[in-house]
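Please model the complete structure; the sequences and the hints are all you need to start from.
So you can see what is in the structure, the chains are spelled out below.
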Amino acid sequence: MEISRSNRLVIGLGVAVLVLLGKLFYIQIINDKYKRDASNNSMVYSTIYPPRGIIYDRNGKILVGNKVNYDLMVTPRLVEPFDTVALAALLDTTADFIRERMAYYREFRSRIGYQTLTFIRQMPAERFLRFAEQEYRFPGFSGQVRSVREYPFDAGGNLLGYVSEVDADYLRRHPDEYKAGDYVGRTGIEAAREEDLRGEKGYRIYLRDSRNRVQDSYKDGEFDKDAVPGKDIITTIDAELQQYGQQLMAGKVGSVVALEPATGEILAMVSSPGISVHQLEDIGRYYNEIASDPNKPMFNRTVQASYPPGSVFKLINGLIGLEEGVVEPGTQYPCRQGYYYTKTRRLGCHNHRSPINLGEAIMMSCNAYFCYVFKSILENRRYQDTEEAYNRWRDCVTSFGFGDKLGSDFPSELGGNIPTSAYYDRIYGRRRWSFSTIVSLSIGQGEIGATPLQIANLAATVANRGYYYIPHLVKDSEHVQIDEKYRRRNYTLVDTTEFAKVIPGMYMAVNCKPGEGGTATVAAVPGLDICGKTGTAQNPHGKDNSVFICFAPKDDPQIAIVAYVENAGFGATWACPIASLMVERYLCGETSRPALEDRIMNTRLIK
Amino acid sequence: MREQGDNISRGLLYTIDWKLVICFLVLVLVGWLNIYASIHSTDPESAIAWSARSGKQFVWILSALALAGLILFVINSRLWEVLSTPAYFGVLVLLVAVIFLGSEVKGSHSWFNLGPVSFQPAEVSKITTSLFLSMMMSRSGFKISNFRDFLTAALIIGIPMLIIVAESETGSALVYLGFIFVLYREGMTGWVLFFIGMVILLFVLTLTAGPLVSVIVLTVIVGGSFFLLMRPLRRKSVEARVVRLSTLAAAVAGLLLIFSTQFVFEHVLQDHQRKRIEVLLGMAEDPTGIGYNVRQSMIAIGSGGFFGKGYLNGTQTTYGFVPEQSTDFIFCTVGEEWGFLGCLAVIVLYALMIVWIVRDAEQSRESFTRIYGYCVASIIFMHLFINIGMTIGLMPVIGIPLPFLSYGGSSLWSFTTMLFIFIALNGREKKYF
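Respectively, the protein sequence lines represent chains A and B. FYI, in the working numbering the residues of the first sequence are 1 to 607. FYI, in the working numbering the residues of the second sequence are 1 to 433.
The hints are simulated quantities; they were obtained by calculation from the structure and are not laboratory data. Be aware that one or more of the hints could be misleading.
Lysine-lysine pairs mimicking DSS-like chemistry, simulated, CA-CA at most 27 Å apart [claimed, not checked]:
1. A:K33 to A:K67
2. A:K231 to A:K61
3. A:K23 to B:K275
4. A:K475 to A:K61
5. A:K296 to A:K543
6. B:K430 to A:K33
Structure, rendered in structure tokens:
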């Protein structure tokens, strides 16, 4: 049967019509996705922002609180002609700014539609309330409560970190959790504990009718969600001590880290120069200034700077020597103003009596003594060759938490560096290196790098006589649990009985009589029994760095501390008094040496 | 019943096809109601207030009715055939002139701005092309199977089409593809339709599924038709040779198409055209950019459900979520407020109109009227299918209006003119025979 061309075309028309109707049937009746999207379009979600959690210090002082600010929102479609100048006066802005914004909204009106946009961010409450009284004159404008950070106590700018609005890049990386306009912790504790601090946003749902008037809340608020406030965080920081440390470090480049040895809690963590809390409050305004400062205040030296530890490292070599049985407390070595590791090459030392035993070597920080110790460790008959002995030595060192991240709860911690034997093989060739090649490791120089946090951890380990807790900043509290790893003792590879043998030397370094050669007598405070070790770390970039670690009291250590001051010369000059003043402040609550305190606080080493 | 004394004096009122006029009136009314629905949230004083689009459309409708009356009762419909030649070439000149003299609207140079009125030659060109094509094809001795005659027809259609493409009004140019149906009715081989269908199929397949799938599909179709064509033929006959040669040619052309698709897509098409096709084929997600229109339009239509939300109760179309809502996307308002039933009614109305035009054309004794009728039916069909297809995500976003429904005087007048010329031609014929 032949169908006429006319009829074929009519059949074609029928098919086309069926295709259209089929697709319509699908989207209108079968698939209800479009109905849902439509109700999303016509429901108005008004977000309720939760207050961020409060950050406390260990004694219940508020380090970071909240205050209320307002964002001024505008729905361009609802704006009616208004008095631009009057609005500008109310908002402390210029009429030109307002005209410019309105022109922008007009230009993109079809894209903006009925959206509500932020007109001015972060207005202080008093300015907003002034506007609120006149709000009726400006239809389309409204306020949105935002809670922002407030810092009642000037302590710990660097470790607290700042909060800012999410940027496009951050949104890309966290597509589901954040929306434009949300605030997020970007550095420090704010970033590390973001999940606890941020809380959960809530919302109210309103319906608008076909003329875009907002009507009642949707189903009497059945589907509304309340905001859940962020969880409060109790830190291990002692705000007073932190602030005191910042004052002592003012004008100097370096770090102070104080730990509670019995728990690993960080009492103070000062990186200088740092960010003040006033800058944190308005980070947007100060950001460029901070970022371009040559002294890098944003850089947290306590965990991100890796320095050679210097003479404080002699404690580790002494302890490993004891553990390996190559040295005894009574072992004596000579010092000829240094140590000749070849016939003609000498690693120098200062002038002191000779020969001396282990305790005296620690007290006087003798370089030659620890070269002998390190030589004995590396040339120990127990091991096949230097390499095997070196590997054993390195294992012992890393068991103190050196050479890798300690795993504290502070973000962006660095691991420092303890070179491997493979590293020396690469540089010198296999079996082409020996004790004399790496002699500077004896006294904590050379290729070693350690962060001030790791060095403070060494002080805590010695104070504990052989173990440490991973240093951390957040305490257990009702809502926030800390990781199990912070509750575990970490033992080193050195037997705990060996530690008692180095402590008398540290005690004497601080508390010996004048003239006996103690290197840290400036740190002595009667009755506190401070035990310490100075260090002077050579700095390839300038004057030596001044280092001091100590803990106190000797028999019941409450605090272990490191002070590391860059380009400040001998350990005794700057680091020693700073650490000592901190200890005294922490244990006694006040200083008995106001003149010393005054001198330290008011000296500026930064040009 | 009135006395039918002699055939010649039968009144025009008696012979015009009232079914078409009623279809026209209903569609125009539906359009006006929906234009009002789409803008009523801006609170016009009334549906006929001049300040709003519904008011303006009311005026366009009145003037379109006057135009229809003029065509039916005043102008001698013989005139259309006579005027077709100068009108066609006059409009060609305007089409070219507008490229240089016209004002730019959304990136295309296709509008003349004459004070308060703007005028788009491309709209008129559809009518003049239809008339001229009908005139040429109805001349005695014209046979579409004759290559010279085919070429003439192709040029009549192709020249304005190309100029419109040069105006960057690709959407309007696509409508001219509808003339293929006219040529087919007048005897052009069906292979051309088949061929065009294949080009579109392969183009889409290559972009979405990759060249390999396209090659397989091409092999199956070409092989299959070769087998079907060869079966009744003797192997050594001349026809068999022709079939073998043309199959080979088709296969080569198909392969060329497949492997040039990517090139055409990336280098020949303009940026916005490429994006629209990408979004349609699901190759790119873009809910706020190009895809925004279609997504919002589908949400509006889809949320209408079976019965719709009721007149003036649409939430999507009245908030202004859908752009171009009273012009190219007017069908959204129908879909949301009148639901599937409303869509069904509107589409069936169009289909009936097209079928009745075709029926009238077939019954016509003058080939000019018949061919012109097919032209009108094809153009309405193309607009219908592309426009509604676009609002429901079947076609890329091509900015052409929905006949009689969309807001705008220019388009309403030209569709009215086109339709009523046919009604007049058809009525006059019945009057005399």
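To see whether the hints hold, each was checked on the structure:
1. A:K33 to A:K67: violated, 41 Å
2. A:K231 to A:K61: Distance of about 16 Å is within 27 Å: holds.
3. A:K23 to B:K275: Within the cut-off at roughly 22 Å; holds.
4. A:K475 to A:K61: Holds. K475 (chain A) to K61 (chain A) sits at ~14 Å (cutoff 27 Å).
5. A:K296 to A:K543: Roughly 19 Å between the alpha carbons, so the hint for K296 (chain A) and K543 (chain A) holds.
6. B:K430 to A:K33: violated, 52 Å
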